[in-house]
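Since the structure of chain G is provided, determine the placement of chain L on it from the hints.
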Amino acid sequence: MMMQLINPILVLLVLSGFMLLGSSRLATCIRSVAFQGVLLGLLAISMQSGQLTISGVLLPITTAVVKGFLLPWLLSRAMREADTVREVEPLISYNLSIISGAVVLALALWLGERLQLPSQLPSSLLVPAALFTSLVGMIVIVSRRKALTQVVGYLALENGVYAFGAAAALRLPVLVELGILLDVFVGVFVMGIAIFHISREFDHIDTDKLVALTDRPR
Amino acid sequence: MTALLISLLIFGAGAAASLAFAKRERWLRIFGAGGIILGSVLGLVPAIGVALGAPPQSLRVAWDVPYGSLYLRLDALSAFFLLPTFLISALAALYGTEYLEAYCGRKALAPPWFFLNVLTASMAVVVLANNAVLFLMAWETMALSSFFLVTFESEEESTRQAGWMYLVASHIGTAFLFVLFVLLGKSNGSLDFDRFSPASNAGVLFVLALVGFGAKAGFVPLHVWLPEAHPAAPSHVSAVMSAVMIKTGIYGLLRILIFLGPVHAWWGWTLCIVGLSSGILGVLLALAQHDLKRLLAYHSVENIGIIALGLGVGIVGLSVDEPFVAVAGFAGALLHVLNHAIFKGLLFLDAGNIVHATHTREIDHLGGLLRCMPGTGVTFLIGAAAISGLPPLNGFVSEFLIYLASLKGSVSLGASSSVPMLATISGLALIGALAVACFTKAFGIVFLGHPRCEGAGHPEDVNLAMLVPGFLLAAGCVLIGLLGSSVVRSMGPLISTATGLPSILISRDLIEMGNSVARVGQFGALLTGVVALLSLARSKTFGRRQISTAPTWDCGYASPSPRMQYTASSFAQPLTESFGMLLQTREVLTGLEPLFPQRAEFHSHTDDPYRRYFFQPLFQSVSRAMASLRPLQQGRVQLYVLYIVVTLLVLLLWQLA
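Protein chains in written order, with this note's numbering: chain G, 323 to 540; chain L, 102 to 758.
I should point out that these hints are in silico values taken from the structure, not numbers from a laboratory. One or more of the hints may lead you astray.
[Said to hold, decoys possible] Pairwise CB distance ranges (calculated):
# : chain 1 : residue 1 : chain 2 : residue 2 : range
1 : G       : V512      : L       : L757      : 29 to 37 angstroms
2 : G       : S346      : L       : I745      : 48 to 56 angstroms
3 : G       : V512      : L       : S259      : 41 to 49 angstroms
[Claimed, not checked] Covered stretches of chain G (in silico footprint by chain L; criterion: 3 or more residues with CB under 8 angstroms from a CB of chain L, positions within the stretch not fixed):
# : segment
4 : 430-439
5 : 459-465
Virtual Cβ for every residue (Gly too), placed ideally from N, Cα, C.
Just chain G, with the same shape it has in the complex:
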C-alpha cells in the first residue's frame, strides 16, 4: 500500500521544484522548500518495505520536522530581521527559470535512465526526481540575487541529495543520518546569521552588489 504512494510523492516533489522556480515571493519559495522537506519524510516512510521499525519511522519524522518546519522558520525569521524586499529579484526572468527547469527535467530523466545503480528501485521516477530537485537548487543558487534565496537553493539541493540517498537505497546508520541532518541545520543556522550581519553591514543582502568587494582590477 505504501509503495503506491511513492510516485505521487515524487510528482509533488517535481511540482514543488517548479513552484520554487516560478514564484516571485520569497515566502512562497521558503514554503515550497518546506513542502519538499515534508514530502521527503513521507517518501522515506513509504520506501520502507515490510515491518515498520521505530528508527525507520522516527528518522523520517525528524527529517520532516527539521526540513519542513524548523529550517523554514529560521529562514522566515532571517527574512524578517534582514527587513529585505520580499521579492525574489532573479537575474533571469521567471519564464526563463521555468523553461530552464523544464530543460533540467528532461536532462534528469535522460540521466536517470543512463545511470547504473547497484540495487533495484521501487520507482523509475526516483532518480530523475532527485536529480531534478538538486539541479533546481543549483539554478536557484546561480540565478537569484539575494543571499537568502541562495540558502533556499542550497536547501533544495540538499533535499535532492537526500532523495537520491533514498533512491540509492543507502542503508545509512542512524547516527550518520542524524549527523547529516545536524550539518544541514547548522549550515542554515549559520547562513541565517551571516545574512543578518550582511544586511546590517551593507543595508542589503544583495549578492550582486557584493561584487564591489572583489579584488579584480576594473
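Chain L alone, transformed into the frame defined by chain G:
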C-alpha cells in the same frame, strides 16, 4: 637513531618556545638559538659516526598518509650531508642571537627563530627521509620556512620580490620532483626509497631530477632566484641557505642516482656542461656585482657548478668502468659540498658583520675595514683564499681531487670520453683564476684603502657572538686544508654508498689520492711558511722605520678624496670588458657634455642574462596568455557556482554518454 630523533624533537621544542616567548626577547634568544645549537650538537654525534663507517641506522613507523611512512634512514650519504647542516645551522643560530639584536623593537623576532628551527629540522628530515611522501613534505617545509626567512624584512619592495621569485622557482622545481617520484612509484609499486629499483626510463627520470633538484641547487639557468634571495635574507639565514640548503639539491640528485642503477655516460656529459656553464657564468657575474652579498650568491652558483663538474666526471668514470676517475670525481664533488658549506658560511657571516657595522652592502661605499674590523677581515681573507681554491686551504683539496679525476680520465679514457675531461680541466682553471680575481676585488675594495663613503667611516668590529662562528669556520678551512689527505682517506664509506663500487677498490684509490693531496698540501704549507717568514723579516726590517702619510701624487689636482680610489667596477673592468659578450653590462654615463662639465655620473649595471633574456620574456608571455582568461573572473558568486555546476554536469554527461 634515537639521538637524531631527540635532536629533531629539540628543534620542534625550539620552534614552539620561540612562539611561546614571542614577547620576551631575552628568552626568545635563549630558546630559539638554544634549540638549534643543542639539537645540532646532539645530532652531529651519530652523523659523524655513520659518515666514518658505522653501520646505517633506520627507523620505520607506519603512517596514515597514503603511500607514506615515517621511514628515516641514516646511511653514510645522509650522515655526510647532516654534518654541514648541523654545523652551519648551529653557528648561524649563535650568530643570529647578536645579528637580530639590531632589529630588536622594530620587528617581531619570534618568526625568524621559529622558522630557523623549522628549517633546520626540515633540512635534516630531507636527507634522512627514506620515503618519497615524507621527503616531499620535508622538502616543501624547507622551501616554505626559508621563504619566510628570506622575506623577514618584508617592508622592502625588493625583499618581497626576491621572496616571490624564490617561491616560484622552488615550486617549479618541486613540480618536477612530483613527476619524478610518481613515475618511480608507479614502476615500483611503493614510494619507499629502498623499494626503488633500476627502471627502464632512467634517462627521463635523470632529466626530471636534474631540473627538479637543480632548481634548488642553483644550476644555470635555474639559478636566477639565488642572487635575489641571498642578499634579501638576514645574513645568518643567507649563510644557512647558501651553505646548506642549496646542497639538498645535490643530495637529492645523488640519492636518485643510487636508485637509477647503471649510469649512462651522457648523464655525466650533461652534468659537466651544466657545471661548466654554472661555474663560468656564476663567477663572471660575481665579478660584475657591486653588492657584496649578491657577489657571494653568484659564487654559490659557481661552486655548485664545480660540484656538478665533479659529479659529471665521476659519472663518466663510472659509466666507462674507470674506478679511479669515478672515485676521485665523486670524492671531489662531495668534499666540495662540505668545503663550500664551511667557507661560504664563513663569508656570508663576515658579510653580515660588515652590513651590521656599516649598514651597507655596496662594495663601492666601503673601504679600509681591515683596520677597524680585524677579526672580520682576517677570517674573510681566509674564506676568500679557500673559495678561490688556493692551497693549503680546504677549497684546494676538493678542487684538486676533481682535477685529478679529469687528468686521469683524459689520459686513460678513449678520445671521445676525454673531451669532457679536458673541458673540465680548462673550465676549472678558468673558474679558479676568475674567482681569485673576484675575491681580490672584494677583499681589496672592502678591507683595504680608505673608506669611500662618509657613512661607512670607522665602524667598530662586531662583538664576540658574531665573531666566534667565523673563527671556528676559518679554523675549519685551515684544518681540512692541512689534514686533507686524512680527510680524503676517511671518505671510503661515503663514496661506496654514493657510487656502489666495492669498498676495497675505493680505499685503495683514496689512499693514492690522499698521498697526492698530501704532497701538494705540503708544498702549499711550505709556500705559506716562506711567505710568513718573508713578511716577518719585512716587519723586522721596516718595523723600526718612521711611517708617515702623505697624499698620493695626483698630477697637481688639489684635493684628492677617498672616492678617487679604485672602485670595485673599475678593478674588475678589464675582465668584465673581455667577457662583455656574456655579461651585457649596461653603462650609463651622463654629464660630460659641455666644455666645463659641472656634475657627471656613471652607472654600470649587470643584469642576470638568463633572467633578462629568458625568464622575463617567458613569464611575460605566460602572463599575457593568462590575461585572456581574465573575463572568467567576474567577482560574482553566482557565476562561480555556475562554473562548478557546468563542469560537474559536463563530466557527468561525458561519463554517461
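Here's how the hints hold up against the structure:
Here the CB-CB span from V512(G) to L757(L) is close to 35 angstroms, well matched to the stated 29 to 37 angstroms. Taking the beta carbon of each, S346(G) and I745(L) are about 27 angstroms apart, not inside 48 to 56 angstroms as hinted. The beta-carbon spacing between V512(G) and S259(L), approximately 43 angstroms, falls within the hinted interval of 41 to 49 angstroms. Closer than 8 angstroms: that is the beta-carbon criterion, and the segment 430-439 of chain G has 3 residues meeting it against chain L, so the requirement of 3 holds.
By the rule of at least three residues with a Cβ nearer than 8 angstroms to a Cβ of chain L, the coverage given for the segment 459-465 of chain G holds, with 4 such residues.
Hint check: a violation occurs at hint 2 only; the rest are consistent with the structure.
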